[in-house]
Amino acid sequence: MIIVSGFNVYPNEVEEVLYRHPKVAKCAVIGVPDEKTGEAVKAFIVLKEGVTATPEEILAWCRDPANGLTGYRVPKHIEFRDALPETMIGKVLRRMLVEEERRKAAGTPA
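Using the numbering used here, the letters of the sequence shown map in sequence onto residues 34 to 143.
All clues given are correct.
FRET-style restraints, in silico, Cβ to Cβ:
hint	residue 1	residue 2	range
1	Val84	Ala139	31 to 37 angstroms
2	Asp97	Ala138	28 to 34 angstroms
3	Glu68	Arg136	16 to 22 angstroms
Mimicking DSS-like on lysine-lysine, the simulated pairs with C-alpha atoms at most 27 angstroms apart in a straight line are:
hint	residue 1	residue 2
4	Lys81	Lys56
5	Lys124	Lys109
6	Lys124	Lys137
7	Lys81	Lys124
The set of hints was computed from the structure by calculation and includes no laboratory data. Glycine included, C-beta positions come from ideal geometry on N, C-alpha and C.
All chains, full assembly: derive it from the sequences and hints.
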């Protein structure tokens, strides 16, 4: 769970909206430290083969009232990747992404 300004944000809720985007193949959502809100929502996205997207396009999709995300649930950071860390059965390993972000914040190499 991610806590943004005292509000609970469940990563699965945000991921469900992202998975409905026609260009998103895989995604994972984690919380990252934020000075203003305590934590901020960060989305890691793998696009479908042969398509391109911008962070602005993804954010506009998330902000669309038809998708049901309130403002504090909309990702503040978007990172596009070629792949996400996964288990042998294909489940995304969020904890590896969290650890990677912690190392970045501490200034140590990934």
